[in-house]
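K.L.:
Read left to right, the sequence shown gives residues 441 to 720 (our numbering).
Read the hints as simulated data drawn from the structure, not as lab findings.
The reader is advised that the hints may include incorrect statements.
[Stated by the list, open to error] Computed spacing ranges between beta-carbons, pair by pair:
(1) 451 with 518: 39 to 49 Å
(2) 563 with 491: 44 to 54 Å
(3) 454 with 699: 21 to 31 Å
(4) 675 with 518: 19 to 29 Å
(5) 499 with 574: 29 to 39 Å
(6) 578 with 683: 38 to 48 Å
Yeah, the Cβ is synthetic: ideal placement off N, Cα and C, and Gly gets one too.
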Amino acid sequence: MVSSPLLIPFETLKTVVAGSIVYPPGGRLKLRVQECIQLMLLDAGTMSIFIDGRELQVEPGHIVLLKPGHEERFVYSVTEQTTCRWISIGITFLSPEAREKLNKLQEYIPVTSEMEQLFDMLMTTKQRTSSVDALMLSLGFTALHLYAMEVKHLFGQQRKHPAVHTVLSWIDQHYQEDITLTRLAEQVNLSPEHLLRLFKQHMFTTPINYLWSCRVERALELLTSTGLPITEITNRCGFKTSQHFSRMMKQSTGRTATEIRQSAWRGAGSGTGIAMVRER
441 MVSSPLLIPF ETLKTVVAGS IVYPPGGRLK LRVQECIQLM LLDAGTMSIF
491 IDGRELQVEP GHIVLLKPGH EERFVYSVTE QTTCRWISIG ITFLSPEARE
541 KLNKLQEYIP VTSEMEQLFD MLMTTKQRTS SVDALMLSLG FTALHLYAME
591 VKHLFGQQRK HPAVHTVLSW IDQHYQEDIT LTRLAEQVNL SPEHLLRLFK
641 QHMFTTPINY LWSCRVERAL ELLTSTGLPI TEITNRCGFK TSQHFSRMMK
691 QSTGRTATEI RQSAWRGAGS GTGIAMVRER
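Could you build the full structure based on these sequences and the hints that come with them?
P.N.:
If you want it as structure tokens, here you go:
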């Protein structure tokens, strides 16, 4: 089995499809549920993607990672044509741990020359072979892991603003409390608007989105490594109610809390431990 830092074995890839499309001014793509892992490269124009109701604005020269299980709606430039290329990677199975790894990756990054060359290679190769051919699967596997490597490289180049670093550390220590954007901003004597801009610049997300990802990750650790009741985990991790906790776990991992716990305990019973470590 080919190993993968994203915990997505090569053997689980079933199809890789590449394509390109030009949308006229004012083009739209109706609501859909993303079924695969998709990399979308915006070559020209502008694009707004509404993911589970949250808007993500994309400029030319950026590549977007779309993750399975989310509702998506696309709105394109009203003044010019929008051109994009895409790679869709079909997976037979995505474990909760792999889904967590994917969800930690930034949603979009500037495209690099290496990634653009890989897109070009896929566009050429698809004309000579099928979506299940080993070469297409290998190129898709490479594209996904190149994206992850580029994210890591980008973060290595960018130095976090001191205020962002302070807020990240504070969230790690207080995530179980009732936290608002205003309260986070008070920790670094900034306005909520200023802190929001800094987070988007340095973390590609918002302070509150990071807070919820932190809570979900801690809840996953408690689910898989302790026998604490769901209500106790809910309280310890800052969720409003048990129903809210269940909904967030399902949305983030694609599985219920009970399914996650049962899967982890089956693994522990066979001698396979599960370790969850947050990367920064």
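K.L.:
Return holds or violated for the Cβ distance of residue 578 and residue 683 against the range 38 to 48 Å.
P.N.:
The hinted range 38 to 48 Å holds for residue 578 and residue 683, with Cβ atoms some 43 Å apart.
K.L.:
CB of residue 451 to CB of residue 518, is that within 39 to 49 Å?
P.N.:
Cβ of residue 451 to Cβ of residue 518: about 44 Å, so the range 39 to 49 Å holds.
K.L.:
At the C-beta level, are residue 499 and residue 574 separated by a distance inside 29 to 39 Å?
P.N.:
holds, 35 Å
K.L.:
Has the hinted range 21 to 31 Å been met by the Cβ atoms of residue 454 and residue 699?
P.N.:
holds, 22 Å
K.L.:
Can you tell me whether the CB distance of residue 675 to residue 518 sits inside 19 to 29 Å?
P.N.:
violated, 47 Å
K.L.:
Quick check on a hinted range of 44 to 54 Å for residue 563 and residue 491, using CB atoms only.
P.N.:
violated, 25 Å
Violation of the numbered hints given earlier is confined to hints 2, 4; the remaining hints are satisfied by the structure.
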